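*Asks:* Sequence:
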Amino acid sequence: MHPNSPPSPGGARRGQPHSHRPGDSSAQNGVHAVVDNPSLPPVRARSTAPDTARGDRNPPAAASSSVVPDLTLGGVAVLRWPAQAADRDRLAATGKPRLLLIADGYAAPLVTDPLEDWVRDPFDPVDLDNRLATLAIRARRLTARPCFDTDGLLRMGDRWVNVPDAIRPIADVLVARLGQIVRRDEIVAACSAAGMSTRDSAVKGTIRRLDQRFAQVGLELHNVRDRGYVLQVAAGD
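Using the numbering used here, you'd call the opening residue of the sequence shown number 1 and step up by one each time.
Derived from the structure by calculation, the hints contain no laboratory data.
Computed from a predicted structure; not experimentally measured.
Glycine included, C-beta positions come from ideal geometry on N, C-alpha and C.
Be aware that a few hints might be false.
Restraint ranges, calculated between C-beta atoms of paired labels, are given here [as the list claims (entries may be wrong)]:
(1) Gly152 - Ala189: 21 to 31 Å
(2) Leu73 - Gly195: 45 to 55 Å
(3) Asp124 - Arg177: 39 to 49 Å
(4) Arg225 - Pro109: 32 to 42 Å
(5) Gly75 - Thr112: 18 to 28 Å
(6) Ala215 - Asp113: 20 to 30 Å
(7) Ser201 - Asp124: 23 to 33 Å
(8) Glu220 - Ile137: 49 to 59 Å
(9) Arg159 - Asp129: 43 to 53 Å
(10) Gln180 - Arg120: 22 to 32 Å
(11) Asp172 - Thr143: 38 to 48 Å
(12) Ala189 - Asp113: 35 to 45 Å
Construct the complete structure from the given sequences, taking the supplied hints into account.
*Replies:* In structure tokens form, the structure reads like this:
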């Protein structure tokens, strides 16, 4: 070939890598080529490359990785469904949050646990992040226990409420026995020790005041007829 001869059809001499020019369709589809490589794991994120056919002018930022491995993000386990069904059952039994990536062609399982959600593969990375964040918040709230901090504020997860000193002794008893029945005579004894009135109307008034405070941090105070009271995390909180 003459030294000044144009390159042969195909654009590159033998042994040299083929470079893409801006706007080259094969370069724009490069993400698809990587994602669809059969040697990679089957879980894929949707391509965030601009769709020139639709005329997208402001495409979303590209995901940091097109492949999601077996991992835990923000305390939330990311599992493939149905391949990791056994892992899902194990984590559910221990109350761990989990996000299922539903394989193409498979139906999603029925989800009744607030600590579980799913997305279908291929997925939108933004949707994945939002669902992971939601599950992480739910997990913190559902596993949190109320406690008083050094400033005397009652905290539950990321929420707090001030409990007046006058009714704090009764609150201490109920908080320490979260989920358990506190007998009415124990409540009366706590009122007496704090120098509060033990009249029935006064005790009921104290309980109402505490119930209002507890509600602000996602707690509920229930009256168990003829037995006492139970403080618990509000349903669906």
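*Asks:* Does each hint hold? Answer for all of them.
*Replies:* Hint check results:
Taking the beta carbon of each, Gly152 and Ala189 are about 22 Å apart, inside 21 to 31 Å as hinted. Checking the proposed 45 to 55 Å range against Leu73 and Gly195 shows it holds: the Cβ atoms sit about 51 Å from each other. With their beta carbons about 45 Å apart, Asp124 and Arg177 fall inside the hinted range of 39 to 49 Å. At roughly 39 Å, the beta-carbon separation of Arg225 and Pro109 lies within the given 32 to 42 Å, and the hint holds.
As the Cβ distance of Gly75 to Thr112 is approximately 21 Å, the hint placing it in 18 to 28 Å holds. At roughly 24 Å, the beta-carbon separation of Ala215 and Asp113 lies within the given 20 to 30 Å, and the hint holds. In this structure the supplied range 23 to 33 Å is violated for Ser201 paired with Asp124, their Cβ-Cβ distance being about 58 Å. Hint check: Glu220 to Ile137, Cβ distance near 19 Å, so the stated range 49 to 59 Å is violated.
Range check, Arg159 to Asp129: about 24 Å between beta-carbon atoms, so the 43 to 53 Å window is missed. The beta-carbon spacing between Gln180 and Arg120, approximately 42 Å, falls outside the hinted interval of 22 to 32 Å. Against the hinted window of 38 to 48 Å, the Cβ-Cβ separation of Asp172 and Thr143 comes to about 22 Å, which falls outside the hint. Checked against the given bound of 35 to 45 Å, the beta carbons of Ala189 and Asp113, roughly 39 Å apart, stay inside it.
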